[in-house]
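Q: Sequence:
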Amino acid sequence: MQIGGAPETTQIELAESVRHALDDIRDDDLVNGFTMNEIVAHGDFVNDSMYSVTKNIAIGGIIAVLVLLLFLRNFRATVIIGVSIPTSILLTMVSMWIGGYSLNMLTLVGLGLGIGMMVDSSIVVLESIYKKKEQGLAGYEAAIQGTSEVANAIIASVLTTIAVFLPIGLIGGETGKFMIIFSVVVAITLISSVFIAFTFIPALAERFMNMRKQKEKRRESGGLGLYRNMLTWIIAKKARSFFIIALFLLAFVSSLFLVPKIPMNIMPDVFNRYTEISVALENGTTDDEKQVIAKSIHQKLKPMKDVKANYIIDQGNTLTSVIKMTSGDEIYYNQKEVTDNILKGLRSLQGKHPIRSVHRAISGSSGYPVQITIRGEDFDKLKTIAKDMVTKTETIDGVVEASHSMEATSTMQEILLNEDELEKYGINKLEMKKLARTILAR
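Heads up, the sequence shown is in my numbering, so the first residue is 4 and it goes up one at a time.
None of these hints come from the bench; they were simulated from the model. Treat the numbers as computed from the prediction; the structure is a model and nothing was measured. Please note: incorrect hints may appear among the correct ones.
Just the calculated beta-carbon pair ranges, DEER-fashion [unchecked claim]: (1) 96 x 242: 35 to 41 Å; (2) 297 x 372: 24 to 30 Å; (3) 206 x 241: 30 to 36 Å; (4) 332 x 140: 43 to 49 Å; (5) 338 x 287: 54 to 60 Å; (6) 399 x 82: 58 to 64 Å; (7) 318 x 378: 37 to 43 Å; (8) 377 x 428: 43 to 49 Å; (9) 378 x 45: 54 to 60 Å; (10) 54 x 140: 54 to 60 Å; (11) 377 x 286: 16 to 22 Å; (12) 421 x 27: 38 to 44 Å; (13) 373 x 4: 33 to 39 Å; (14) 372 x 437: 25 to 31 Å.
Lysine to any residue pairs mimicking SDA-like chemistry, simulated, CA-CA at most 25 Å apart [said to hold, decoys possible]: (15) 308 x 333; (16) 395 x 406; (17) 58 x 37; (18) 427 x 417; (19) 311 x 332; (20) 134 x 45; (21) 305 x 37; (22) 390 x 375; (23) 311 x 281; (24) 311 x 79.
The beta-carbon is built from N, C-alpha and C at its ideal position, and this holds for glycine as well.
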């Protein structure tokens, strides 16, 4: 039994409600003569993913504060920047609530990406105010002049970043509907960070950032001194400068050749330690043959270390294997390797059983990333072309399986109904269809 939720209900809420209902059913002793097991709840994957992203956002924020403390070497300045992070996040949350956005994977990822950039504006403003205080200006004047000097540069920088992200949301289609959420959240996060940098940071810096006594001569750190010497050596002669420019251009052009080597897909696998495999059967496969195939699938999956449980659903000419993988300390291989091993094992059954194809059921495009349509009037010629295409396609490196729909053909008999006779005896077409099925099934 598959259960779906109402449009306004989240998957997490749906899973919790159904589990409460199942507990009530068990408490009332309604489970008699059968077993009732939960196969999978997609709300668990959403919950785990959101927890993981939230945890990584928190860790990223803590690391950002520690890095600031390391480089600024000023505890009060670090606290000011650190306080600006949750303040910016809070402002972003309020803006998302006003805009009608919910907390989901895309908004959390956009928020996590924005955390690294939201401190940039605050650091620039704080450093500018700090320099003005070093020059002897009072707290109020240092805050005003320091913020004013870098305001245009910060606004230009943020607008440039937003200009990069917003067109991603203009892709269009189903993908564009998701990406616009990501782009808007990043833009809101950056705008919130600028607002905080121009208001909150100057107020705190003017009141709480004290100047340390400056030494007469500040010693340069080893890394900064090495960089200064290297930069001086490069710009001393034009030939060296041109060499560095040429080297970077060469690196840029070379990187373009690596683009085809990077795997590309629409969306990454968001189901953590879970997959579904579709086993397409030959036409006319009997129920007894399905039972044998189902047992063979179980026998193939049972020895695999990372397979925790699997359930097989009969969907006519397709058997869908719902597979839950191990988690925590029981993990031996990553999810991609486990899925590849499962596909390899189940595809080995094709020569022994009436199985047409084996593919992932949740990878989009019915599990086939490339599909080719062949049209024509001659049925036999189409069949020949389809077989030739499959044979040649299987020789291409990287192709693990190829099939054609001509294999799924079957002989059909057409029954023409005498509508006058049907009307005479008061029988409609639907009733006659059921009667014909009953007679032919004998």
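Q: All the hints need checking, so say for each whether the structure fits it.
A: We went through each hint and held it up to the structure:
1. Between residue 96 and residue 242 the beta carbons are some 54 Å apart, a value that contradicts the proposed interval 35 to 41 Å.
2. Residue 297 and residue 372 have their C-beta atoms about 27 Å apart, which keeps the hinted 24 to 30 Å range intact.
3. With their beta carbons about 48 Å apart, residue 206 and residue 241 fall outside the hinted range of 30 to 36 Å.
4. A C-beta distance of roughly 59 Å is found between residue 332 and residue 140, which places it outside the suggested range of 43 to 49 Å.
5. Distance hint check: the CB atoms of residue 338 and residue 287 are about 35 Å apart, inconsistent with the given range 54 to 60 Å.
6. For residue 399 and residue 82, the hinted distance range of 58 to 64 Å is satisfied, since their beta carbons lie about 60 Å from each other.
7. Checked against the given bound of 37 to 43 Å, the beta carbons of residue 318 and residue 378, roughly 28 Å apart, lie outside it.
8. As the Cβ distance of residue 377 to residue 428 is approximately 45 Å, the hint placing it in 43 to 49 Å holds.
9. A hinted range of 54 to 60 Å for the beta carbons of residue 378 and residue 45 is inconsistent with their spacing of about 38 Å.
10. Between residue 54 and residue 140 the beta carbon distance is about 47 Å. The supplied range of 54 to 60 Å is therefore violated.
11. Range check, residue 377 to residue 286: about 20 Å between beta-carbon atoms, so the 16 to 22 Å window is met.
12. For residue 421 and residue 27, the Cβ-Cβ distance of about 54 Å falls outside the hinted range of 38 to 44 Å, so the restraint is violated.
13. In this structure the hint that residue 373 and residue 4 lie 33 to 39 Å apart at CB holds, the actual value being about 35 Å.
14. Against the hinted window of 25 to 31 Å, the Cβ-Cβ separation of residue 372 and residue 437 comes to about 40 Å, which falls outside the hint.
15. As the CA atoms of residue 308 and residue 333 are separated by approximately 8 Å, the hinted pair is consistent with the 25 Å bound.
16. In summary, the hint linking residue 395 to residue 406 is supported, as the alpha carbons are separated by about 11 Å, within the 25 Å threshold.
17. Taking the CA atoms of residue 58 and residue 37, the gap is about 41 Å. The hint is violated against a cut of 25 Å.
18. At roughly 22 Å between alpha-carbon atoms, residue 427 and residue 417 fall within 25 Å of each other, so this suggested pair holds.
19. About 13 Å separates the Cα atoms of residue 311 and residue 332, which keeps this hinted pair within 25 Å; it holds.
20. Simply put, residue 134 and residue 45 have alpha-carbon atoms about 53 Å apart, too far for the 25 Å limit, and the pair is violated.
21. Distance restraint check for residue 305 and residue 37: the Cα-Cα separation of roughly 23 Å lies within the 25 Å cut-off, and the hinted pair is therefore satisfied.
22. Distance hint between residue 390 and residue 375 is fulfilled; the C-alpha atoms sit about 13 Å from each other, no more than 25 Å.
23. The straight-line distance between the Cα atoms of residue 311 and residue 281 is roughly 18 Å, inside the 25 Å bound, and the hint therefore holds.
24. A C-alpha spacing of about 51 Å is found between residue 311 and residue 79, which places the hinted pair above 25 Å, so the restraint is violated.
Against the hints set out earlier in the document, violations occur for numbers 1, 3, 4, 5, 7, 9, 10, 12, 14, 17, 20, 24.
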